[in-house]
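Residue numbers (the numbering used here), protein chains in the order written: chain A, 2 to 362; chain B, 5 to 83.
Calculated from the structure, these hints are not laboratory results. All C-beta atoms in this analysis are idealised placements derived from N, C-alpha and C, irrespective of residue type, glycine included. Treat the hints with care, since some could be wrong.
To be verified - Pairwise CB distance ranges (calculated):
#: 1; chain 1: A; residue 1: Gly349; chain 2: B; residue 2: His13; range: 47 to 55 angstroms
#: 2; chain 1: B; residue 1: Gln78; chain 2: A; residue 2: Ala324; range: 25 to 33 angstroms
#: 3; chain 1: A; residue 1: Ala209; chain 2: B; residue 2: Asn82; range: 20 to 28 angstroms
#: 4; chain 1: B; residue 1: Ala70; chain 2: A; residue 2: Val165; range: 40 to 48 angstroms
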Amino acid sequence: MLWIVVATALAFDFTNGFHDTANAVATAISTRALSPRLAVSMAAVLNFAGAFISLAVAATIATGIVDADLITPAIVFAGLVGAIAWNLATWYFGLPSSSSHALIGGVVGSAFVAEGAKAVYGSGLVDKVIVPALVAPVLAFVVGGLGILVVYRIVGRQRPGPVVRGFRYGQVISASLLALSHGTNDAQKTMGIIFLALVANGNVAPDADVPTWVVVSAASAIALGTYVGGWRIIRTMGSRIIKMDPAQGFVAQSVGATVIMAASHVGFPLSTTHVISGAIMGTGAAKRVSAVRWGVAGNIVAAWVLTLPASAAVGGLTYAVVALLGSDDVGPIVVSAALLAALGLALGRRLVAGRTLTAEG
Amino acid sequence: MTVLAVDTHLLWQVVWVSLLAGVGISALFSLVILGAARSGEMRRAGRDGAAFAYAALAALAFALFAAGVVLGVQAMVNK
Numbered sequence: 002m003l004w005i006v007v008a009t010a011l012a013f014d015f016t017n018g019f020h021d022t023a024n025a026v027a028t029a030i031s032t033r034a035l036s037p038r039l040a041v042s043m044a045a046v047l048n049f050a051g052a053f054i055s056l057a058v059a060a061t062i063a064t065g066i067v068d069a070d071l072i073t074p075a076i077v078f079a080g081l082v083g084a085i086a087w088n089l090a091t092w093y094f095g096l097p098s099s100s101s102h103a104l105i106g107g108v109v110g111s112a113f114v115a116e117g118a119k120a121v122y123g124s125g126l127v128d129k130v131i132v133p134a135l136v137a138p139v140l141a142f143v144v145g146g147l148g149i150l151v152v153y154r155i156v157g158r159q160r161p162g163p164v165v166r167g168f169r170y171g172q173v174i175s176a177s178l179l180a181l182s183h184g185t186n187d188a189q190k191t192m193g194i195i196f197l198a199l200v201a202n203g204n205v206a207p208d209a210d211v212p213t214w215v216v217v218s219a220a221s222a223i224a225l226g227t228y229v230g231g232w233r234i235i236r237t238m239g240s241r242i243i244k245m246d247p248a249q250g251f252v253a254q255s256v257g258a259t260v261i262m263a264a265s266h267v268g269f270p271l272s273t274t275h276v277i278s279g280a281i282m283g284t285g286a287a288k289r290v291s292a293v294r295w296g297v298a299g300n301i302v303a304a305w306v307l308t309l310p311a312s313a314a315v316g317g318l319t320y321a322v323v324a325l326l327g328s329d330d331v332g333p334i335v336v337s338a339a340l341l342a343a344l345g346l347a348l349g350r351r352l353v354a355g356r357t358l359t360a361e362g
Numbered sequence: 005m006t007v008l009a010v011d012t013h014l015l016w017q018v019v020w021v022s023l024l025a026g027v028g029i030s031a032l033f034s035l036v037i038l039g040a041a042r043s044g045e046m047r048r049a050g051r052d053g054a055a056f057a058y059a060a061l062a063a064l065a066f067a068l069f070a071a072g073v074v075l076g077v078q079a080m081v082n083k
């Protein structure tokens with residue numbers, strides 16, 4: 002069971018990487034600040050590096066949301082499956098959604114089915130998921146809108162050539178920061194899960210350092226996923242929400258990076274996906290309200306609303322199947338095989354979609 | 005004050021820090037571009053004093069922007 006949980010955690014890490022590539026690079030690709038392949042390569046390298054920067058292990062996934070004493074490897078496994086399934090589904094429809102919320106939802110669902118309502122803390126859900134999910138896009142929308150108005154005010158009368166070039170250079174910096182930040186945040190989640198599984202299995206002591214192979218494998222999985230690139234989501238964020246100019250792309254990315262870091266610094270972490278999407282919409286709406294394709298924006302918001310219940314439902318269902326088949330090895334192996342088949346299919350389709358990507362989306 | 009499970013003081017802090025940092029960093033980089041572009045124009049027009057002033061503006065804004073980036077990386081490392 003331990004190695005199945007480890008492999009599933011790395012599979013989640015991979016989907017986390019390719020699902021969230023868009024957060025860092027979509028606007029830079031859309032405004033031609035970076036070529037698509039260079040953008041994902043850079044993001045992959047920085048995600049890998051970011052995973053090593055901060056080793057304060059996030060053994061805190063779902064902490065304060067579910068009763069940690071009741072969590073078993075089978076619950077974690079089912080939660081991971083719920084998160085992977087939601088990441089793949091939203092990728093298929095090209096919808097950016099929070100991988101962290103999907104993971105929390107998956108674990109909540111599996112814990113609920115395994116242990117009942119006593120395993121889930123409602124106040125933790127409100128505090129750590131629902132309120133941040135409401136705050137992040139609205140805050141980023143407002144800051145992005147104000148940011149682009151200030152930027153247009155400063156450079157609005159300048160010749161477009163140097164301004165466009167300047168903001169493209171700026172986008173390389175802001176995209177790099179976002180990719181690095183993603184590595185420091187999201188690779189930690191997988192490290193935390195694997196570390197918990199190792200502790201639960203008695204392989205390492207709770208106060209031990211994270212084994213090097215855990216750090217390297219988590220960093221590699223998220224970097225590989227980032228390099229593979231979730232092109233459908235990149236297309237949505239880069240060109241389907243608004244048709245953006247380099248100034249808007251720069252502001253959306255910079256505001257995204259600063260809001261994420263500022264919030265993280267004061268101890269109120271927000272979803273990167275929610276922040277970047279909100280900032281993109283804000284920079285579009287500040288220019289002209291009709292510049293935002295509100296239908297696309299509505300679909301994205303619907304995906305955010307559904308993230309928690311949908312991943313919880315899959316996590317709960319998976320736990321039920323695992324429990325039915327036998328939670329030692331047989332259940333997880335059967336579910337893992339089905340998941341691998343789905344992942345293989347998804348990757349095959351991605352390769353086809355990836356080849357047709359252009360900077361215009 | 006805490007409403008339900010939400011610390012409103014923390015929330016308010018997130019809002020103003022984000023506003024200040026987000027708008028500030030965007031404005032600083034715009035000043036870099038403005039300063040660099042106008043400095044070139046002034047130099048070509050033979051107005052060396054104005055060219056120097058705009059170049060200084062660009063340099064100062066870039067230094068502050070770079071400091072913001074370093075702060076961001078520090079925040080990532082030290083969290």
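Structure-based check of each hint:
no.: 1; hint: Gly349(A) with His13(B): 47 to 55 angstroms; verdict: holds (50 angstroms)
no.: 2; hint: Gln78(B) with Ala324(A): 25 to 33 angstroms; verdict: violated (46 angstroms)
no.: 3; hint: Ala209(A) with Asn82(B): 20 to 28 angstroms; verdict: holds (22 angstroms)
no.: 4; hint: Ala70(B) with Val165(A): 40 to 48 angstroms; verdict: violated (22 angstroms)
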